[in-house]
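Undergrad: Sequence:
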Amino acid sequence: MSDQAVDKPQNDTASKPEATGMSKSAKKRANKKQKKLSESEKTNTESERPVEVTQPGTDKKKDKAEVKKPEKSNDAVDKLVPLIQRFDVNGKPLRTIAGNIPVHLGEITPHNILQLKKLNEAVFPIAYNDKFYVEARTCGDLGRLAYYNDVVVGAVCCRIDDISDEKSLYLMTLGTLAAYRQCGIGTILINYALKLCKKLEEVKTMYLHVQVNNEKAVSFYEKHGFVNDGIIEDYYRISPRDAYLLIKRIRN
1 MSDQAVDKPQ
11 NDTASKPEAT
21 GMSKSAKKRA
31 NKKQKKLSES
41 EKTNTESERP
51 VEVTQPGTDK
61 KKDKAEVKKP
71 EKSNDAVDKL
81 VPLIQRFDVN
91 GKPLRTIAGN
101 IPVHLGEITP
111 HNILQLKKLN
121 EAVFPIAYND
131 KFYVEARTCG
141 DLGRLAYYND
151 VVVGAVCCRI
161 DDISDEKSLY
171 LMTLGTLAAY
181 RQCGIGTILI
191 NYALKLCKKL
201 EEVKTMYLHV
211 QVNNEKAVSF
221 YEKHGFVNDG
231 IIEDYYRISP
241 RDAYLLIKRI
251 RN
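Numbering (this note's numbering), first residue to last: 1 to 252.
There could be a bad hint or two in this list.
[As the list claims (entries may be wrong)] Below, a list of computed lysine-lysine pairs in the DSS-like style, where the Cα atoms sit at most 27 Å apart:
1. Lys198 x Lys167
2. Lys204 x Lys167
3. Lys195 x Lys167
4. Lys195 x Lys117
5. Lys118 x Lys131
6. Lys131 x Lys117
7. Lys198 x Lys223
8. Lys118 x Lys167
9. Lys216 x Lys198
10. Lys118 x Lys198
11. Lys131 x Lys167
12. Lys216 x Lys204
Keep in mind the hints are simulated off the structure, nothing from the lab.
Note that this is a predicted model, so its numbers are computed, not measured.
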């Protein structure tokens, strides 16, 4: 063991040079300034951190809370109202053409006979001979053209026959252009013919022929009181050749 004296290590506090010549108030101001500098550095450090952006759907609970149920649209009601307006108080359909523009009936004359011919060619699968149109030109109340916006869209032609010692109104043709069907024009035409039958007191029945494959026509006439009286074989020259005989009793 050495006889030399060993100096004791001084503590950290003692090793730091102590500020001399500073009053307590000066020390207090220095400490406050140091604290502000430290807080400023902390704020700058936090501001430099990248901002985290939450993508939609990452927080399911938050998304569910923020998602609002879509408000009920009135589209269904808006679509339903026009449909309701197409029925009368008894629930029967009232079909009209756009804007309730009326369909009016006009006489068949030599001046519009070509319009009747063109309409028949467009509507019926058979061609009517010249004799048919000669009679139609002078048929008077037995024929009518249906006009919509001054355009011929339908027609009805009849004649009076003597069957079994009684007069009958034979419905030769009744048709509407395809684009104007399901609008009530056919009903207007058949109602005209039925009113004509009631006006002609000598007419007891009304009848017509329909191809056996024309189910829509059969259904249409049955809705207006006609009864299927059987099949007439080989009535037409086109296929199918057979026809149904539909009859409606007007008066006994």
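Undergrad: Please work out if Lys216 and Lys198 have their alpha carbons no farther apart than 27 Å.
TA: Holds - the C-alpha atoms of Lys198 and Lys216 are around 26 Å apart, at most 27 Å.
Undergrad: Can the restraint linking Lys131 and Lys117 be considered satisfied, given a maximum Cα separation of 27 Å?
TA: Holds - the C-alpha atoms of Lys117 and Lys131 are around 12 Å apart, at most 27 Å.
Undergrad: Decide if the proposed pair is consistent with the structure: Lys131 and Lys167, CA atoms, cutoff 27 Å inclusive.
TA: Satisfied, since the Cα-Cα distance of roughly 22 Å is no more than 27 Å.
Undergrad: Holds or violated: Lys198 and Lys223, Cα atoms, limit 27 Å.
TA: The given pair, whose Cα atoms are some 18 Å apart, holds under the 27 Å limit.
Undergrad: Against the 27 Å threshold, does the CA-CA distance of Lys195 and Lys117 hold or violate the hint?
TA: 25 Å, holds
Undergrad: Going straight from one Cα to the other, do Lys118 and Lys167 come out at no more than 27 Å?
TA: 30 Å, violated
Undergrad: Would you mind confirming whether the straight-line C-alpha gap from Lys118 to Lys198 stays at or under 27 Å?
TA: 30 Å, violated
Undergrad: Does Lys167 sit within 27 Å of Lys195, going by the straight-line distance between their CA atoms?
TA: Distance ~15 Å between Lys195 and Lys167 Cα, so the pair holds.
Undergrad: For Lys198 and Lys167, compute the direct alpha-carbon distance and say whether it is at most 27 Å.
TA: 12 Å, holds
Undergrad: Measure nothing beyond the straight line between the CA atoms of Lys204 and Lys167; if it is 27 Å or shorter, mark the hint as holding.
TA: Within the cut-off at roughly 6 Å; holds.
Undergrad: Does the structure keep Lys216 and Lys204 at a Cα separation of 27 Å or less?
TA: 26 Å, holds
Undergrad: Given the hint that Lys118 pairs with Lys131, test it: the Cα-Cα distance must not exceed 27 Å.
TA: At roughly 16 Å apart (the allowed maximum being 27 Å), Lys131 and Lys118 satisfy the hint.
Of the hints listed earlier, those the structure fails to meet are numbers 8 and 10, in rising order.
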